[in-house]
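Keeping the supplied structure of chain D fixed, place chain C with the ligands upon it in accordance with the hints.
Number of protein chains: 2
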Amino acid sequence: MVSSALPGLVALVALATSAASDAVKVKWLESPPEYNNGVTFGLPWARGQYPANRTTFTASSANDDPVQLQSWITAYWPDDSIKWTGHAIAGSETVYDSYKITPSGPGNATLSNLRRQTKANEITVTDSSDTLLVDTGKLVVAFPKAGNALISSIKTASGKTIGKNGRLILKSQSGIAEEGQSGIEYNDFVSKISNLTISKDSTTRALITVQGIHHLDGNSSNAHVDWLPFTVRFYLYANSEAIRTVHTIIYDGHAKSDFISGLGIKFDVPLTDEELYNRHVRIAGVDGGLLHEAVQGLTGLRRDPGKDVRSAQFNGTVLPDKSTWDTKVANGLQYIPAWNDYRLTQLSSDGFNLKKRTKVGQSWVKIPGGTRAGGLAYLGGATVGGLAVGLRDFWKKYPTSLDIANAATDEGSITLWLYSPSAEPLDVRPYHDGLGEDTYAKQLAALEVTYEDFEDGYNTPYGIGRTNEIFIYGFDSTPSADKLSALTKQSNTPPVLIAEPEYLHSTKAIGINWNTPNSTSGSAAVATIETHLNFLIDFYEKQIEQRRFYGFWDYGDIQHSYDADRHTWRYDIGGYAWDNSELSPDLFFWTYFLRTGRADVYRLAEAQVRHGAEVDSYHLGNFTGLGTRHGVQHWGDSAKQVRISTPVYRKSFYYLSGGDERTGDLIHAVLEVEKAYVLVDARRKVRKPGVVYVPDPKALYLNFGTDWAGLASAYLLEWERRGPRWEEARDKLVKTAETYPLLKNAFVTGEALYNSQTGAWSPPPTDPGNNGNITISHLSGVFGVLETIDDLIHHYADIPKPFVDAWIEYCYYYGATPEEQQARYGVAFADRSLKQGHSRLTAYAALKTGNATLAARAWNEFLTDSSLDELSPDDPWKTERIGGSDVLVEIDEAPWISTNAAALYGLSAIENLAFVGGPK
Amino acid sequence: MVSSALPGLVALVALATSAASDAVKVKWLESPPEYNNGVTFGLPWARGQYPANRTTFTASSANDDPVQLQSWITAYWPDDSIKWTGHAIAGSETVYDSYKITPSGPGNATLSNLRRQTKANEITVTDSSDTLLVDTGKLVVAFPKAGNALISSIKTASGKTIGKNGRLILKSQSGIAEEGQSGIEYNDFVSKISNLTISKDSTTRALITVQGIHHLDGNSSNAHVDWLPFTVRFYLYANSEAIRTVHTIIYDGHAKSDFISGLGIKFDVPLTDEELYNRHVRIAGVDGGLLHEAVQGLTGLRRDPGKDVRSAQFNGTVLPDKSTWDTKVANGLQYIPAWNDYRLTQLSSDGFNLKKRTKVGQSWVKIPGGTRAGGLAYLGGATVGGLAVGLRDFWKKYPTSLDIANAATDEGSITLWLYSPSAEPLDVRPYHDGLGEDTYAKQLAALEVTYEDFEDGYNTPYGIGRTNEIFIYGFDSTPSADKLSALTKQSNTPPVLIAEPEYLHSTKAIGINWNTPNSTSGSAAVATIETHLNFLIDFYEKQIEQRRFYGFWDYGDIQHSYDADRHTWRYDIGGYAWDNSELSPDLFFWTYFLRTGRADVYRLAEAQVRHGAEVDSYHLGNFTGLGTRHGVQHWGDSAKQVRISTPVYRKSFYYLSGGDERTGDLIHAVLEVEKAYVLVDARRKVRKPGVVYVPDPKALYLNFGTDWAGLASAYLLEWERRGPRWEEARDKLVKTAETYPLLKNAFVTGEALYNSQTGAWSPPPTDPGNNGNITISHLSGVFGVLETIDDLIHHYADIPKPFVDAWIEYCYYYGATPEEQQARYGVAFADRSLKQGHSRLTAYAALKTGNATLAARAWNEFLTDSSLDELSPDDPWKTERIGGSDVLVEIDEAPWISTNAAALYGLSAIENLAFVGGPK
Ligand SMILES: [Ca+2]
Ligand SMILES: [Ca+2]
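From first to last, the protein sequence lines stand for chains D and C. Each residue of the first sequence is one higher than the one before, starting from 1 at the first, in full-length UniProt numbering. Each residue of the second sequence is one higher than the one before, starting from 1 at the first, in full-length UniProt numbering.
Isolated chain D (complex conformation):
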């Protein structure tokens, strides 16, 4: 127990208890982890409650044992009260089931007492000219400010160096031998640091951010520019033996000549002075399984060295002195091979191979493998200590591999391959040659057939990214297998602390568009909807597994439409393949998580964030900040739009995670679409002939739903977070709120001119006199615009009423009768599809106007829509097992589900329930 050894805690506990009324409880998302190596989480706070400049936070267990905490603000209400906080808890021997976080004023004794009593556990940072030294109390980690190694050394508290020269490595080739190319160059690159920063407050948690690029390895005779920029974040916690590492790369190569053939991180592990038989290799297998090997094994021999010798080796403890062994073994050691290298390759999501060899130049020996490896490797010694490196979602992100090398020499190494060099090279070229689609007309004709929106040059991976989570653990001696097994589990499902749904909801800091299932009347109709929501979540979780939505780029995405004839998702058909967040399944998953707190849903939604924000979005080049429409390749479609990259999809994760810094970067980067809009005209292929449009930062021709809403979400988050451009972002939102209602038909105008330097809107070029354009698109309302505008309205309490009214009017009229539309706008809307998906707009209007008839209309739209992309109460709401020769692999299918429909059903159901309660 933390408290037991500490004097003078009675008063402290009493103080903590006295503040309990304000305390917020957080608990583990899953069951409590076996080890707490420190954790970060986020909490929302209601408007006006806690002034940003004079609130501090303390943490304790449920029964008031104090817990070391570091806190920071991740979002502000406009009144300077705290909207969101991030918190870090230090590593600890005791892991509580839940924690209480208590906000209090600056003079509060609780805090200073806590500070005092936990000071011994604080991180110390030593900043020298070339190195940052971070001491967690368990590990001392040296971060060089330049050069190739991101980590130059890791020492244990006792002073043993257990890791060295931690660097990124990249292998690439200029062509594919199998395609008959000759003169292919094979290159090896190593990380080159360009920038290093450390978090300001690094008492409980230190964050070291290293940026750089992959640079040709010194030995190479080839020439290749530096490429594949990286950002690697190292999170260290007080009293922790773990380094959480968030590894991000951006692809900036040439798809046809820069094939990644290996991408990894490598550490050297000093082993001098450790006997070969005291050196241990541990590699994670299936379901917590672990390979137990010694570099020189003494079990299973013809002669028994002694039971204690064998069991010590299996358990990873120091062997009894050699003089105590059976002499036949002691004298025959030179005839027992030492295993220098180990390699685990996970080249498919379903099977891994494992092998070892005595040295280069000799054959590998197969070790029986299995299905899905845990993705962690340990190398070390019973006396010299050792290092473990693990990759989250190792098998889900295949092809991956793990190398342990030179274990029989003075300096071994561990390489974690995020992309395995044993796999065929990563190929990001277009999947077809353009099919002759060299004009907009042909591209539109093709769109009619395959739903693919092709345009040469737009199908580029230049600028997409991928982020991986790596865990580095340092040990003073070889840890127990159970411990490594537990850490493997934690590397794959990193412990998350989270508040209860009821608390999250009560703060109104994360939307009013959801409520908890318990808070809606338990009518049969509501119960059916809840059953259906649960069905959809389960369905996608199962589809991910059955359809193997796994892989380096792919994990975290789902697919768009189903081919009932072939019993397969349309993985190969133009715009029907990877979903790229089309119509907001991300929002469905996140809001479903918020209302239920279900761990599986958090993990489902988290993977979407890590995919969509990285792979489906651009981080470099002309498209920076934009996403890509759904397609066979994540980046293949020529529609580059912010509707895919919109921060509204990442917001919940960002705040709940305590402000995940990579996600923060991605959210901020969406502001860059102001520039992208000058370079990319989203409606270039479909604009009416005669309308001349030359993009101008002061007059961008944008759709409010598919173009502005994502940018607005970025503005709003910048404002909340008080990011570097927050005042500018706020001012633009204010200007929009003032100017948008001036458009004659406001949101019904659909597309108008946006001044990206001020936020002001003006009439479209087709209606310079502002006589009232009408451009209705079913797409405008289904990419988070409602959720963004409502967030804005709630955040910006003084928002001009005409803006709110205009929005409510749009919400009302989209689903109104043609007669009503005619009466209001002089014309009935042509496009009224996605009625179920838009029912939440109706419900929102009902909420805002208090109109009960409108609430009924919303549910009617939700329940009786029979157009495309809806789910009806009459649908089967079950899957069917398809097997035998009909399919490659037996699966469960629901051909009546499209992801468009599922996302809209899910989100509309949740929001309708929240806005107007259940159907009457």
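Calculated from the structure, these hints are not laboratory results. Given the structure is predicted, the values throughout are model-derived calculations rather than measurements. Each hint should be verified, as a subset may be incorrect.
No copy labels: a pair is met if it fits in one copy or bridges any two.
Straight-line distance between alpha carbons at most 30 Å, and here's what the computed DSS-like set of lysine-lysine pairs gives [to be verified]: (1) 366 - 542; (2) 25 - 801; (3) 744 - 698; (4) 27 - 200; (5) 355 - 366; (6) 366 - 266; (7) 355 - 442; (8) 266 - 164; (9) 200 - 160; (10) 359 - 322; (11) 328 - 442; (12) 366 - 442.
Okay, now just chain C with the ligands, sitting in the frame of chain D:
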């Protein structure tokens, strides 16, 4: 029904029935196959029953429908009566549950009537100067007599050419890039035919045997000698659309510079005049699953071409005329990608990947994969027909792959990769550098520690082989998915016809060393033994799966000893890893099959034959005919002995399979050890100092059990089969039977001089005066010597009594009391281990002498042995589940089992029961 359309069958049926008393029933090993594409099987016959020169055979169904049959003799009793026959049944639409095989004289009306009525279904062979043309009635297959293509064309009965240019392909490289070597040469080879033969009688079954070597492809600028000789056998049956193909290669490269990086068979598939949307790709998935794709898919599009179009494409039938389609699809065809290439890779036993691409130079697109693929691929068209190629045990022999290429061009192709070019190259170098073991003394010292018997130069794969079974199917149009699924199943478990155990036993043609479980009194003691036998079989079946005893070289082997500390078989410890048939598990499995008829046991034992006879034996070079002792690599140990390659392990499979020709070759090749004994002195490291031995064909210093018994088995089989050297083989056995008893102590002499030119034995150099050497080794009696000598005694009815008596004496005295040994030989035997394993020798002596006391001694030895390598009634006889962090993958273990012990227990239990009945 076959009979219904045929006139005049009444008399025929009557005749067939009249001979029913002699008819032998054969039934399918597993449930009857869905398709009968012809099958071969073997039947034994009792001595003196059917004269070889005037017996013919007919076949019918159980209710006497005639069945087309071809028969041949595979073994003769010395009195010229038939000992074993092989039979081939033609392909047929009707598949009966069982068949009756009736032997009869040459004038028998049954035969001639059958001949007459089935003549229409006979194979026709057209032999021209450069090609053999074989017409099965369903397929016309052209086999060139020279060049690269083993099959130049396959046509359907209607004249469509559905396969062309079937050739073998090989890729190799001279080094491993990853090891830092530069200047690596990459080579492509293609088959070059050196010899082609066809079976003499080819009416119902034609066997074309093609021999050759892999020759550098014409385009290469490198230089490499021809290498990797092959023998490929094509089995064609009347009325069959399948070509069973048995593909054998012998490794004759240099392990350090000839790395196989791809090994396969490739067919071109003409597709001219087939619309892209009528071309079909089918690839076998998991458990009968099948990928259904068209080269140009019309399902799942934005616009529906029409339900009939979609369903025809899924089902592989001709699409309705394009004029009937929705015009949006018909006019947009150019925008629907055509998929030129497909690739399935099974790089581990547990997971496969699948992908396709539109063309070279474009990215592959992932198709969701799965666990274990069926290993069959089809390419063809609804109107032009197509070809399917399947590999038996595809996933069990990973890394394998399937390529379909150029499907969108006029000529597609299917490549079946027996070794996938997507895997890391095949590495057959030694796994260690010799560990300094440069003298016999050091090698023997190492043997004491790791049980590995190392010697530089002996750890060579030069001359080992591997045989794969491939199935080629030709179709007039794309077949149904169900049919391809059924054929995939049949390619993996090729249908086997087999007689009942009772019949097999009654003929005494396959040993008297087993009986059926029912024939031994049902005492509790016997029931326990039966339970234990069943336990051991189940245990090994489960270990093969759980320990992944799979892979290109490995499938078909099991491992030798267990490491209870690490909960793993000792895969990495010298002589404890791959079992290489040590102490005859093969015989245990086969005799257990014979007595039970269990299909799973047949498959288990069959895989052992295909492994042991190929990978653990040499087929080229100095070691030809010898096997290799157990070790980390199958070929790694320096003990090259016939005890591993002995034909006694292959005999059951050879005869039951109707004389599998590859196995026949391997059996015959063991005769070559006469030469190998001149080159390899098995006891060179352990011979007493002072004994000078220079191998001489006329005076080979051999142990009767580990050296001669295997050769004797080869002689006996050559004699039975009347192979090319049968009279020589017979004469040598006769000479041995005459001369061996002249050794003063006969079998107790242990080692003596063998004249390999005559079969005569003379005293060992240590006892030139024949005063009576005594050399007892526990190994002499446990490599099939009892089974071989008993077969010889039974076959060679006139065998000299002194030889038989000498053998019975050895059987008696090995387990006799020291006092008895002392009384008889003047000294008690030093080595009396493997008592349980030798109890069957005691039981054999009991049988032969009728001594009931001896029978009791046998059971006593069996049940009370407590030395190493035995299993006791007190053992647990259950497995324990080991999971969690103790093991890489959860497994069931039985650390009390070694394969030595299991093999000896199994074989002794079965033989003791057969020789003396159950324990009293
Ligand atoms: Ca995507
Ligand atoms: Ca073997």
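Right, here's what the structure says about each hint:
no., hint, in the structure
1, 366 - 542, "between (33 Å within a copy, 19 Å between copies)"
2, 25 - 801, "neither (37 Å within a copy, 94 Å between copies)"
3, 744 - 698, "within (20 Å within a copy, 114 Å between copies)"
4, 27 - 200, "within (27 Å within a copy, 81 Å between copies)"
5, 355 - 366, "both (4 Å within a copy, 27 Å between copies)"
6, 366 - 266, "both (23 Å within a copy, 29 Å between copies)"
7, 355 - 442, "between (52 Å within a copy, 28 Å between copies)"
8, 266 - 164, "within (9 Å within a copy, 49 Å between copies)"
9, 200 - 160, "within (28 Å within a copy, 77 Å between copies)"
10, 359 - 322, "within (25 Å within a copy, 63 Å between copies)"
11, 328 - 442, "between (80 Å within a copy, 13 Å between copies)"
12, 366 - 442, "between (54 Å within a copy, 27 Å between copies)"
The structure shown violates just one earlier hint, number 2.
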